[in-house]
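Assemble the complex: chain H is given as a structure, and chain G must be docked to it using the hints.
2 protein chains.
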Amino acid sequence: MPQITFAPLGNSVRVEPGTPLLDAAKRAGVALAAECGGKGTCGGCLVLIESGKAAGDFADFLPGEAAGEGYALACRATAGDGDLVVRLGAETGAETGTKAGQFASGLHRQVLPAAELSPLVAILPLLVDAPKPMDGLGDLERLTRALANRTGAASVQCPLEILQTLPRALRQTDHPLACAVHRRGDCLDIVSLDPPPRPLGLAVDIGTTSVAVELIDLNSGAVLAHDAGYNDQTARGADVISRINYAGRPGGLAALRELVLATVNRLLAACLERIEAEPGAVLAASLSGNAAMTHLALGVDPEFIRLAPYTPAALAPAMMSAKETGLAIHPRAPVLFAPAVGSYLGGDVVSGLLLTPLAENAPEPRLFIDIGTNGEAVLGGEDYLFGCACSAGPAFEGGGLTRGMRAQAGAIEAVRIDPGTGEIGLSVIGGGKPLGVCGSGAIGAAAGLFRAGLLDAGGRLGGHADSARIVRDGRKSRFVLARPDESADGRELALTEADIENIVRAKAAIYSGCQVLLDQAGLAFADLAEIIVAGGFGHYLDVEDAIAIGLLPDLPRDRFRFIGNASLAGSSLTLLSEKHRRARAALAGRLTYLDLSLEASFMDAYTAALFLPHTERERFPSAK
Amino acid sequence: MPQITFAPLGNSVRVEPGTPLLDAAKRAGVALAAECGGKGTCGGCLVLIESGKAAGDFADFLPGEAAGEGYALACRATAGDGDLVVRLGAETGAETGTKAGQFASGLHRQVLPAAELSPLVAILPLLVDAPKPMDGLGDLERLTRALANRTGAASVQCPLEILQTLPRALRQTDHPLACAVHRRGDCLDIVSLDPPPRPLGLAVDIGTTSVAVELIDLNSGAVLAHDAGYNDQTARGADVISRINYAGRPGGLAALRELVLATVNRLLAACLERIEAEPGAVLAASLSGNAAMTHLALGVDPEFIRLAPYTPAALAPAMMSAKETGLAIHPRAPVLFAPAVGSYLGGDVVSGLLLTPLAENAPEPRLFIDIGTNGEAVLGGEDYLFGCACSAGPAFEGGGLTRGMRAQAGAIEAVRIDPGTGEIGLSVIGGGKPLGVCGSGAIGAAAGLFRAGLLDAGGRLGGHADSARIVRDGRKSRFVLARPDESADGRELALTEADIENIVRAKAAIYSGCQVLLDQAGLAFADLAEIIVAGGFGHYLDVEDAIAIGLLPDLPRDRFRFIGNASLAGSSLTLLSEKHRRARAALAGRLTYLDLSLEASFMDAYTAALFLPHTERERFPSAK
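From first to last, the protein sequence lines stand for chains H and G. Position 463, counted from 1, in the first sequence is what the working numbering calls 463; the numbers after and before it change by one each time, with no gaps. Heads up: take any position in the second sequence, counting from 1, add 1000, and you land on the working numbering.
So here's chain H without its partners, still in its complex pose:
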């Protein structure tokens, strides 16, 4: 049987020829994003075949030259007769801004099959009757009648700016007239009579630490460009509470609003430049974020989110125009906001659920975990759906770590530590010397140190083994991942005990939150049919490492599924599909919020989880 090795993690597995590489990855303990369920449409499982030759029909699902350059979709490529080395992750994903990331942008990943599209703004080619004498109709009335006949809408709203262009548009345009419209129930709003040949939509995930955007072709549903970066607000506080406090200062709210708008507009501008499009070509936007981020982006005071009884100004802000929101797109573009369930269970989670069977009341119990600065978990089954917030802090996004950074070029994304020799091996995004460590690198380092005996259950470096890379400085210790001569900037790159404490607190918050959620339903982790993990780790997560530190429960590895930035993907789905817009609104209504701070058992569960992997070792039988 051929051996399939996944770089840079090094996990390998032997499989029968013909086995899809996606299944091989799963059996090797590697979770790959596969939003489309293996149909070859989403592009989430793009990999690079570094050595050997893959079989299967994957070439048909890639643009012209890509297969020849060694790219494959893991869901469509299968193991052949010989061994394969398959490179995963950021180097082949769109997250990085690297050459491979550019390629992935060129993939035109489909969010939805074109046949299922009902975008927030649709371009209708319209035949409008010519003006006739004494027909009792003005230009507006003829346009309105044509739109009503075409769509069945009961009322049509034409803003003044469009009315001002209407007489010439109706007389100069060769028919049919392209009419960009936004439908709200029985009402149709005219957005433009002069839409670009390739109308675009903007999908956004506004995270507390990171912001991600996608530009989508509204006609085809294809993702044309993607970018992500830190939220500029992070300089004004690492977490939601410190941002809310900052907003209370004079001018603070306006400053935070400007910072997040600057972030989104900068990422958007980079995407537009890459595909050579103008801001005015973006005719619709869909934004997902937690309640505090949504408030700050809208310039709405989030103070009462922080104060009992924790009532936000709006769970579901109304659709509004881009001009009102300050997004640098077409001023009349409608902007849709994901509905929150409560102050601490936000629209980002509700959007993310769209990617999971929880949106469809699947009968087996499933857990959805969104790992971010505000970790959230949702437990769902046939007739229940409830969720909680488990504030993890920004460690898994590279925030709050001495040398933390986003999963982009220069970031250590995986760490191997030889338990015998203590020798380390680093995988750096984009190759070359490292500049910092991202979330998956930090998890890999902690897991590696723990496995090698260099980190004890209490999070102290040293322990029973020792290593030349552990440096003691008074009572504080650090583990040197790269000495000054090994790093990109000539500075030592270390993981400190304080960094490890942040990682441990983050994983404890998430694990214990999930545990209490299951307790409430009278379930144990083992009862779960599936655990679906979302978050901004890039496109892969080493499940073994995550279990080794106690972030994820010790379950059979094939019960885990990793879906990447689900909040962003949910933004895209709702940008493109009325079905998903309705489904998301229904999800927000069905989902019940469980306030962990009111659960007596939570503090005990959290404290017990502040060890590696856990105080109760029996919870992690496979940990060495």
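Incorrect hints may appear among the rest.
Claimed, not checked - So, partial list: chain H residues that the calculated Cβ filter (under 7 Å) puts toward chain G:
hint: 1; residue: P131
hint: 2; residue: P133
hint: 3; residue: L160
hint: 4; residue: L166
hint: 5; residue: P167
hint: 6; residue: D301
hint: 7; residue: P312
hint: 8; residue: M320
Claimed, not checked - Chain H residues, not near chain G, derived (Cβ > 10 Å throughout):
hint: 9; residue: P17
hint: 10; residue: G68
hint: 11; residue: E69
hint: 12; residue: R87
hint: 13; residue: N245
hint: 14; residue: A328
hint: 15; residue: A409
hint: 16; residue: A457
hint: 17; residue: A468
hint: 18; residue: R475
hint: 19; residue: E492
hint: 20; residue: T496
hint: 21; residue: E544
hint: 22; residue: T615
In short, the hints are calculated from the structure, not lab data. Here a beta-carbon is modelled for each residue, glycine too, at the ideal position from N, C-alpha and C.
Okay, now just chain G, sitting in the frame of chain H:
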């Protein structure tokens, strides 16, 4: 029987004691505005008892001191035992800006009984539930629920600017919260959470020559202030066609838009100052104008109104915000536009019809004539309603006359010429020496000259009689109404033959338009149960004078009713009442436009009417 004399016209009549003065006026050939139908609420028939003592309960319908100062409402005051001299018109009306005009403003004329009010923007006192833990509702959702419960609205729109103020408004305001809302079908738009104690509405009539505005208390329906003036656009062309041509020049459209907005905003500012209110207190507006005026006010190119097939950009522009329109009122105030029937039968006429039985399909045939620069006539009965435009030119608004002016202080509003001596008597608005002549003065002068034999049927001065006031200057003659020492500005004030020609053309256009309209229905003037005349003459018109020159047909005088500026009154009604908004939309749909330029008979009828009073003298048996 006591004799009632009406100044300044001098008409008098003997009536039984107890006869309402309004009836006495009608029998004396004087049409007084009485929109409310004699209920004592509209104030349109305000008069000043100059000598004698009136009976009746009129004092109850006037503010405190007014009855003591000699004011009365002609509909509620009756003839007593002795003779009366009753002063009519501009000196007691609101048009003038004089002391009496101010008084009339202080009358708080009711547009509608308060019980029938359903204003475009209503102030709802609202009890909003306090925030509760875990109730699954944000501030917006609690407000929306309270509004939906209160109004039955299916959806509530809260603009971002209001959402930004919502958290504090809900927590700081003593309940109930005053919520200013605008309803469109099942949808409710929140206009303000901080409405003024006296919320105002703005009613506007945008005429080609004149613009009139009213400020109305939305809570009570009372008119608080009124003003009118020339449309600043008149400097860019006297009629609709020249305005449309001007709009076609580079920058012309924008210039015309600015001019009419400046006019409305200036009149509005004067009204606001008078009642000591701020622009932000005006929460709704209702505008009526013909199609061209509406286009120009909105900055929409009116070019295609002028070109076959005469299709305007919009017959019924959508409701829009004051901010979009450029009105200097609350930026979120909704602005309603009167729907037009066609390019030349505008929303001003449709608004005006609301004041007449034609709006209610009354069975007897009735004619509605709106005398303005664009004269319009509508003929209606039980199952038909059709109308035409008869372009009169601005003469009846004082425009296009050598010394023409609006009906305001200094204008000659009535002229008496002694047929024996040729001596003239002038009535000047506000008293003192005259500055110019307004529409009613011009009609009075022409009628007086014709009666005295100083003007022949062809419009030539001199004729068989002569007068020292007729000055010949080569082939042109003029009639001197005031010599330099008799006029306010020391310049001669004369009516020229060219002025008379303008008056004759204007009256011929209106009379012949009405005639062709009746012909189409197989009716004659004598078949009409009522002729309702609207227009900007001030508050009265001497029916005898109007018949003498052939402007109005020679029918029994009690078939005429004069209702003043009906377009403005219709704007006010639709500002205040959903019933009238619906009725007006229905009227626009029912009304059929008859294009006189397509009627072969029109040119003959017009030509025949270019004589005083008419070529067919048998049409005017009572003319001397």
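Self-check item: Structure versus earlier hints, numbers of those that do not hold, lowest first
Solution: none
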